[in-house]
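**Q** Model the full assembly from the supplied sequences, consistent with the hints where possible.
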Amino acid sequence: MTGDKKGPGSGKSGAKVVKKTATSESELARRLRKLDAKLDGKTAERREAEKGRPDNAGFAMALRLSTEFVAAILVGAGLGWGVDQLLGIAPWGMIILLLLGFCAGVLNVLRSAGKISDPRAGAAGKEDGPDTD
Amino acid sequence: MANDPIQQFQINKLVPLDFNGVDLSFTNSSLFMVATVVVTSGFLIWSTSGRGLIPSRMQSIAEISYEFIASMLRDAAGVSGMKFFPFVFSLFMFILVANLFGMFPYFFTTTSHLIVTAALALLVFGTVLVVGFMNNGLNFLKLFVPSGVPGILMPLVVAIEVISFIARPISHSVRLFANMLAGHITLKVFAGFIVSLSSFGALGVVGSILPLVMTVAITALEFLVAFLQAYVFAMLTCMYINDALHPTEH
Numbered sequence: 001m002t003g004d005k006k007g008p009g010s011g012k013s014g015a016k017v018v019k020k021t022a023t024s025e026s027e028l029a030r031r032l033r034k035l036d037a038k039l040d041g042k043t044a045e046r047r048e049a050e051k052g053r054p055d056n057a058g059f060a061m062a063l064r065l066s067t068e069f070v071a072a073i074l075v076g077a078g079l080g081w082g083v084d085q086l087l088g089i090a091p092w093g094m095i096i097l098l099l100l101g102f103c104a105g106v107l108n109v110l111r112s113a114g115k116i117s118d119p120r121a122g123a124a125g126k127e128d129g130p131d132t133d
Numbered sequence: 001m002a003n004d005p006i007q008q009f010q011i012n013k014l015v016p017l018d019f020n021g022v023d024l025s026f027t028n029s030s031l032f033m034v035a036t037v038v039v040t041s042g043f044l045i046w047s048t049s050g051r052g053l054i055p056s057r058m059q060s061i062a063e064i065s066y067e068f069i070a071s072m073l074r075d076a077a078g079v080s081g082m083k084f085f086p087f088v089f090s091l092f093m094f095i096l097v098a099n100l101f102g103m104f105p106y107f108f109t110t111t112s113h114l115i116v117t118a119a120l121a122l123l124v125f126g127t128v129l130v131v132g133f134m135n136n137g138l139n140f141l142k143l144f145v146p147s148g149v150p151g152i153l154m155p156l157v158v159a160i161e162v163i164s165f166i167a168r169p170i171s172h173s174v175r176l177f178a179n180m181l182a183g184h185i186t187l188k189v190f191a192g193f194i195v196s197l198s199s200f201g202a203l204g205v206v207g208s209i210l211p212l213v214m215t216v217a218i219t220a221l222e223f224l225v226a227f228l229q230a231y232v233f234a235m236l237t238c239m240y241i242n243d244a245l246h247p248t249e250h
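Quick note, the sequences are listed as chains V and R, same order. Everything in the first sequence is counted per the numbering used here, starting at 1 for the first residue and increasing by one. Everything in the second sequence is counted per the numbering used here, starting at 1 for the first residue and increasing by one.
Hint data in this document are derived by calculation from the structure and do not stem from the laboratory. None of these values were measured; they are calculated from a predicted model. Just to be clear, a hint being listed does not mean it is correct.
[Claimed, not checked] Every beta carbon over 12 Å from chain R, so not counted as near; a handful from chain V, in silico:
| id | residue |
| --- | --- |
| 1 | Ser24 |
| 2 | Ser26 |
| 3 | Ala29 |
| 4 | Arg31 |
| 5 | Ala37 |
| 6 | Lys38 |
| 7 | Gly41 |
| 8 | Lys42 |
| 9 | Thr43 |
| 10 | Ala44 |
| 11 | Leu79 |
| 12 | Leu87 |
| 13 | Ile89 |
| 14 | Ala90 |
| 15 | Pro91 |
[Stated by the list, open to error] Take a look, some chain V residues computed to stay more than 12 Å from chain R by CB distance:
| id | residue |
| --- | --- |
| 16 | Arg33 |
| 17 | Leu35 |
| 18 | Asp36 |
[Claimed, not checked] Pulled a few chain V residues facing chain R out of the computed Cβ check, cut under 8 Å:
| id | residue |
| --- | --- |
| 19 | Leu63 |
| 20 | Arg64 |
| 21 | Thr67 |
| 22 | Glu68 |
| 23 | Ala71 |
| 24 | Leu74 |
| 25 | Val75 |
| 26 | Gly88 |
| 27 | Trp92 |
| 28 | Leu100 |
| 29 | Ala104 |
| 30 | Leu107 |
| 31 | Asn108 |
A virtual CB, placed ideally from N, CA and C, is assigned to each residue, including glycine.
**A** Listed below in structure tokens is the structure:
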């Protein structure tokens, strides 16, 4: 902050008292800009520091979402295989149910990420919201 | 090899038993499951035996864990869900203590095996199915029919909802298992770095400070994960039980 205080003094080296109000206006704007830049730098710095920390949240999130996605696809493929075996309509059950499995996987991921509301969030536990896990 | 990160998950038969070709051996995994049950029930029985109006420290811990699960279940499944309290509480305490047991050096982590977590998740899944059909009859199937969907899309949406429902026990069990497995492997790998780095002379010893710091940090993190995964498992169980009790209240 000491650098800021020095700024106006050196800028008004001519000491024109008439122009004082205009100068202080522009001075203020300039100092505001400087402060903004400084704050931006601070936030970026803090963000960098947070990135470096051994953080489990991202890892847990990745694990959670990938499990949700893969589980639904596996179930879709398994059901499709079962339907094919039972009804003897060879590739069709697998094709359709695998695609439905992908849909269910995307739905699960969106639900567990809280991007869309879970209709099953329950009447009793409404205040918990969708992302309770 | 002592540095093998997978070796800690090996199942060893302690008492080989064989019934008509079915292997029922008592393994190290069984031993730690028994130990978990004994420690959990022993602690709870002992700590609540005083029944002081002003609880002792140990009684406070037992009461806090009771309150924790009871309020979680009440929030998620309502008062009618409280008859499942023994079930959810047993699951939570078993997983929590088993996870924390895994944090002791040379101890076996039972929850790092998919078969154990899958059994627990299928228990929850089966309970939800049985209770759902017993309480609501065929109304339970309304769980798969979201309201406000146009008729043409209905078969598609119902199929997707059914698949998403069947996928629950898989993600439920794999989440717990994968977290414990990955955490323990990471810990072992980083600890192994210290040994292998410090064998490179003085510079290696200095360099091995980095993995040492990481190991300490990850150990703390693992304690957090041990609790968090038990909590998540219990929380999801509560939500599934809510589905079984109130399938139509969307």
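**Q** Interface hint check: Trp92/V, Cβ to nearest Cβ on chain R, cutoff 8 Å. Holds or violated?
**A** violated (14 Å)
**Q** Checking the smallest CB distance to chain R, is Leu35/V really beyond 12 Å?
**A** Consistent with the label, Leu35/V stays out of reach of chain R, its closest Cβ about 35 Å off (over 12 Å).
**Q** Under the criterion of a CB-CB separation shorter than 8 Å, is Glu68/V in contact with chain R as hinted?
**A** holds (5 Å)
**Q** Double-check Arg64/V for me: the hint is only fine if its C-beta lies closer than 8 Å to a C-beta in chain R.
**A** Holds, about 6 Å.
**Q** Would the least Cβ to Cβ distance between Leu87/V and chain R come out above 12 Å?
**A** Nearest chain R Cβ is 15 Å from Leu87/V, so the label holds.
**Q** With 12 Å as the threshold, tell me whether Lys42/V passes as away from chain R on beta-carbon distances.
**A** Holds, because the least Cβ-Cβ distance between Lys42/V and chain R comes to about 25 Å, which exceeds 12 Å.
**Q** Run the C-beta distances from Arg31/V to all of chain R and say if the shortest one exceeds 12 Å.
**A** Nearest chain R Cβ is 41 Å from Arg31/V, so the label holds.
**Q** Does the CB of Thr67/V sit less than 8 Å away from some CB of chain R?
**A** holds (5 Å)
**Q** Examine each Cβ of chain R, and state whether all of them lie more than 12 Å from the Cβ of Thr43/V.
**A** Nearest chain R Cβ is 25 Å from Thr43/V, so the label holds.
**Q** When the nearest CB of chain R is found for Leu63/V, is that gap smaller than 8 Å?
**A** With a closest approach of 6 Å, the Leu63/V hint holds.
**Q** Is the nearest Cβ of chain R still more than 12 Å from the Cβ of Pro91/V?
**A** holds (18 Å)
**Q** Verify this label for me: Ala44/V is non-interface relative to chain R, using a Cβ-Cβ cutoff of 12 Å.
**A** holds (24 Å)
Consistency note: the structure conflicts with the earlier hints numbered 11, 26 and 27.
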